[in-house]
Amino acid sequence: MSERADTYDATAADPDGGLSARIDWFPYLLLLPAFFLVATIVAWPLVETFRLSFTDASMRGEEFIGFENYVEIFDDDFTEVIQRTFIWMFASVGLKVLLGIFGAVLLNAAIPGRVIFRILVMPPWIVPIAIGVFMWGWMYNGQFGMISGLGQNIGILDGPFEFLGYQTSAFIATIVTDVWIGTPLVAIYLLAAMQSIPTELYEAAWTDGAGRFYRFRRITLPLIAPSVATMALLSAIWTFNSFDIIWILTEGGPRGATTTMIIDTYKTAISRFRYGEGAARAVMILICLSLFAACYLGLLSRLQKRGKA
Amino acid sequence: MINKYRWWELCLIYTGMLIFLAFVLAPFVEAFKVSLRPLDGLFSIPYRFLDDDMTFAAYREMWTNVPNLLRYMVNSFFIACSVTVLALLCIVPAAYSFARFEYRGRDSMLGAFLAINMVGAAVLIIPLYKLMLTLGLLNSYASMIIPGAAFSVPTGIFLMRSYFLRIPKELEEAAYVDGASRLYTLWRVILPVSLPGMMVVAIATFITAYAQQFLFALTFNSRDELKPLPVGLYDFFGHQQVRWNELMAASLIGIAPVLIVYIFLQKYIVDGLTSGAVKE
Chain A
601 MSERADTYDA TAADPDGGLS ARIDWFPYLL LLPAFFLVAT IVAWPLVETF RLSFTDASMR
661 GEEFIGFENY VEIFDDDFTE VIQRTFIWMF ASVGLKVLLG IFGAVLLNAA IPGRVIFRIL
721 VMPPWIVPIA IGVFMWGWMY NGQFGMISGL GQNIGILDGP FEFLGYQTSA FIATIVTDVW
781 IGTPLVAIYL LAAMQSIPTE LYEAAWTDGA GRFYRFRRIT LPLIAPSVAT MALLSAIWTF
841 NSFDIIWILT EGGPRGATTT MIIDTYKTAI SRFRYGEGAA RAVMILICLS LFAACYLGLL
901 SRLQKRGKA
Chain B
1477 MINKYRWWEL CLIYTGMLIF LAFVLAPFVE AFKVSLRPLD GLFSIPYRFL DDDMTFAAYR
1537 EMWTNVPNLL RYMVNSFFIA CSVTVLALLC IVPAAYSFAR FEYRGRDSML GAFLAINMVG
1597 AAVLIIPLYK LMLTLGLLNS YASMIIPGAA FSVPTGIFLM RSYFLRIPKE LEEAAYVDGA
1657 SRLYTLWRVI LPVSLPGMMV VAIATFITAY AQQFLFALTF NSRDELKPLP VGLYDFFGHQ
1717 QVRWNELMAA SLIGIAPVLI VYIFLQKYIV DGLTSGAVKE
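Protein sequences, first through last, are from chains A and B.
All residue numbers for the first sequence refer to our numbering, where the first residue is 601 and numbers rise by one.
All residue numbers for the second sequence refer to our numbering, where the first residue is 1477 and numbers rise by one.
If you're looking for bench data, these hints aren't it; they were derived computationally from the structure.
Computed from a predicted model, the values in this text were never measured in an experiment.
Any given hint could turn out to be false.
Stated by the list, open to error - Calculated lysine to any residue pairs in the SDA-like style (CA-CA distance at most 20 Å, straight line):
#1 B/Lys1480 - A/Tyr814
#2 B/Lys1645 - B/Glu1578
#3 A/Lys867 - B/Lys1606
#4 B/Lys1606 - A/Tyr814
Generate coordinates for the entire structure from the input sequences, incorporating the hints supplied.
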């Protein structure tokens, strides 16, 4: 151990050294369990999805049919589904980020009671998603749910309103529930980012007479911007993949109003047993996800460059 | 001095907190209220927060009306624990490997784990279903545990790796100088000092595994006695006239364990959620 590298260099470990050094298997060995599990459950199915998308696989068997599934996809109202998925995602992520910043600012305020506040905001993220959604199912109940009930008491609604029964309101309802579940994590994450800002910055600005809002706009916001961007992207990926919330609330209805790409894929493949068509839809999702992945990697490398400069 | 608030600023902050909390807690309060109502008394107009006919009857009746309720809860707990153990067995060595060694393909493999992290489970459900069918794992605990663990491995590796990176390498170097093998060093030197980090990863994995057990259980398992709580309740209450008061009572009982875990360990949980991220 004469060399003090950042990490233990496995290729330099061999005393004979040189180009013909034997490969050190130890680090690879350590990777084996994780590699095996992820390869079986994620990587292989990924490849298999591509293969299946070119077949007419169903319960009866499968046959290679080329691009037929892909051609067929766009005969249906699949473009609508794509549009809807992106609207759903942008609305949900936008609200999560806005509310998350709002929450983080509140959580960061140095006032009595903030410890309790910090404990109380997390439950939506902690409890099983499905159970949180059951609760919202009751809230949206038209006859007697809280929202409809309060609306009638206040006088906004002149009768019972079944939120999950109409296309627009069901769409909004699924977004609200998704925001409810996702916001706590965004808020806590951004709080951590805010707390890593050195206090000297604020003190210096304060001595110069900068007001609270000015300090927020000129110090906090620019410094948490990378975290906001990272969180928005991650959140977009998770929201895009979200299944439980919509499935439990509406199963994609009414009349397809809440059918996102994920729900559409699940319905085609699992409920209707059309594996091949489902796989082609899944590939479309993967294409969208790889766009996010490209954004994410680009963002990471930009942040790293800035960190080093 | 800098943090001294004027009275109207305090008012604004507390009002903001109240609005935020109202949004966050309303469903819980409402669920609790509903669980305290008799079924035929649930539906009252005008809407009221409190009523005079409150009863704990639903908490008693749900055990007889949902025969497998206790079983669902035990299943949920068992599945989440198994996922956590299996995931940790994969996460810890892999994270150590990524954090401490330099070898061909390391960065691209790390990148591959990062990329795979983005693929949602629902996208891969068709081949996964076929895989479970081929392996004969449909309708078994394994069909819910193994995929659950696999999808939590990438995130876990990133959390754990950032923890290992913070451990000084002098620890290992001292052990090597004393002639210890690398496996021995990992087992007897590194693992003991990284226990707190492993705890954080374990808690985060457990909570996620407990929170997200829906899709796999819904798709790969139809045996009632193996269902975790969310799917048990979903299937039971979906197929008949919804007994909302009992559904809410069962839901609240079902989230009690995680909420208790959370209240005691919330500092670690919050640290765990943010540590891998803030450090850049």
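So, against the hints stated earlier in the document, which numbers end up violated here? 4
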